[in-house]
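Residue numbers (full-length UniProt numbering), protein chains in the order written: chain R, 1 to 188; chain F, 1 to 275; chain E, 1 to 290.
In case anyone wonders, no lab produced these hints; they're calculated from the structure.
All of these numbers come straight from a predicted model, not from anything done at the bench.
Take these hints with a grain of salt, some might be off.
[Said to hold, decoys possible] Chain E side only, calculated, beta carbon under 10 angstroms to chain R, not exhaustive: (1) 9; (2) 16; (3) 19; (4) 52; (5) 55; (6) 67.
[To be verified] Derived DEER-like restraints, expressed as beta-carbon distance ranges: (7) F:100 x E:70: 54 to 60 angstroms; (8) F:178 x R:155: 36 to 42 angstroms; (9) E:27 x F:155: 44 to 50 angstroms.
All C-beta atoms, glycine included, are put in the ideal place defined by N, C-alpha and C.
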Amino acid sequence: MPTDEELIEEIHRGSQAAMEVLVKKYYKNIFSYIYRKVGDYHISYDLTQEVFIKMMKSIDRYESTGKFKNWLLKIAVNHCNDYYKSKSYKNKSKETQLEDRIGDNPDKVWDLLKKKIERNLVKKAIMSLPDYQRDVLILRYYHDMKLKDIADITSSKEATVKSRLRQGIGKLNNLLGGEDIEERKNRL
Amino acid sequence: MKKEKIDFDIYEDITENELDELWSMMDSYTVEYPDEEEIDNTINELRQYVPEKEKEEYFIDRFHYLLNKSMIEISFISKPFWIMSFILFIMGLITMYFNKYINPYLLAMVISPLPFTFGLIEIFKSRDKGMMEIEMSCKTSYGEVLLSKLTIIGFYNIVLNTIFSLIISSISNVDFLRLTLIWFAPFTFISGISLWLSMKIKSSYTMTIIVSIWIGMIGTLLNTPYELIERILWMNITIYIGISILGISMSFIQIRSFIRKNISHKGRGLFEVNY
Amino acid sequence: MRLIIENITMKYKDKVAVEDFNTELNEGVYGFLGPNGAGKTTLMRVLADLLRPTRGRVLLDDRDISTMGDKYRNILGYLPQSFGFYKSFTAHKFLMYIAALKGLDKSISPDKVEEVLDIVNLKEHSKRKIGKFSGGMKQRLGIAQALLNDPKILILDEPTAGLDPKERIRFRNLISEISKDRIVILSTHIVSDIEYIAKEVILIKDGKLLGVDSPENILENMKGKVWKGIASEEEFNSMKDDYKISNIVRKGKEIELRIISKDKPPIESIEEESRLEDMYLYYFDQEVEE
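Okay, chain R solo, but in the shape it has when bound (with noise of 0.2 angstroms):
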């Protein structure tokens, strides 16, 4: 398996087959990253794609410090920032649905509905979150990077991140804690 740096390289040459390679394996990453930010599935594939786009312009800018992925995340929680403030989304914004649909299927298997209806609760909760607390919990949790990395990553200080992943955590146990699903539905 090459190197990022490899493949970049290969990239510069000329290398469709490498840039696939590249995306490929930073696809699913930066995918789930946006989703988790933004909560909606076509934007999230759009974002996307527009995401690779900008890496695509700006690899040859990319200096080779092993940490691509670092750089890439960077490019996407940039990307999302412009599009929360940009005039789509507040368009959007008002018709997005938060809640994904359970399916047509009437499968009535107790625990598979409520780990959809908890799946749905702790999406509902983690978009509650201001931007730049979600940032932190979704690169911390879902992406398990470090906080020194994190903050190179949202170009904050590492003390901010730590007082925002608090901040977050603390939000959420108190919209998610608890065991009654319904009482918890209600908070939020």
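Assemble chains F and E onto chain R, guided by the hints.
Relative to chain R, chains F and E alone:
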């Protein structure tokens, strides 16, 4: 779930139990990924951003291309530049002719970097005169224009300096190689510094500043005991070579970063500043 | 040919100059209309591939122009909003220089230069130094250089600035003549520049797309929104803060007003035929400039 607890100390108000529960809940937030076909659509969309396969390009071809562009630029470089640089060297020769006591090494050193600073005005003319936006929209890239101007002006300077050295070494008894090294070092070094300064301010200011500093330095040097000048002129030649290499690399880095920042990456810098 | 402007956003630090701009252009004249500072120049620079947008891209027949490099510049003609010249150059020499930069063959350059000089009516000044040119002449020379390579995409940022009324008419005729098989994009804050020649008018305000429509449709939409009425000084004073008034003619004690309003104004008034200028006032809420 252990990994997240590394920073457990961050979460002051939450018990370890609560945190465990929260983590396991968060696990339920799965992501529905696009299927292969959709990912392939994105990849196909990205194909156009992969650079075209580099053709086997030899250095000589590139050089030939640049030379071609330079020939075009030559006819558009202003006459005063050619003439002023030329006159400077003629004056140098006249000084030599009438003043037999003047040190030819010193004279070559003093004159050598000056024409390049005049040339800066030509090199950055389009930026300083507000023509750049038009030039940037033309087929020939602005970077190529800049490089061709630099090539012509650098080349003209080197030719003038070399002829000057040849004449001097034939009329007085000096070592041609040493003479060449002595003018080449300040020539490259000052070129590097003035390019750096030109990136920041209008090139006519750069010219004024560099020329005044240079003349000032020479003036001061002439007023110090003659031994100092002797020592500067008779330094080990590796020092001259070192200074030259430093100057050349400095020029190279400056030009490259200017082209990268402003032309390849289409930054806003060039439009923002009103020179 | 199809030029798609896709999600273009341009941010400078915290200032947003262009926001989420989307539209599609084909052969014909497009008038980008908006007040100064609306983001027109930034957008023109992005379209000319001189600036890299913060977000979004511009596609020419499905290819991102930023990947096309000199292939795009080869079919581009661009007139910046403000520019300088090498004053010691003659008009002829200047155009020969630009022709060289545009990669025109040496054998055709002199003819091409003569041709564009003729188009902008500067033929007899061809050997004069640009330093001696008036503002209008410089502007025409700027237009001439943009035309040198027979561009398929012609982008003109405020092309009529500094032109006198006669030259403006000439310019309008020129543009509508050459626009058949090209995309011509021109930005202006002067309605009459594009009233008769634009296939579509693109309204920009605060960096955002306000609307795209043909001049006919815009006029159609303005129907019933333009009124002419006679008001007394008193009535005028009570109306002038709440109504957009596009014209005032004093006739003795009475004042004849041209009013832009969705509803009938509270004075005796009749519907008037609408003009594009009324639309400008209607959308941009400021004095019509001329």
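Ascending list of hint numbers which this structure does not respect: 8
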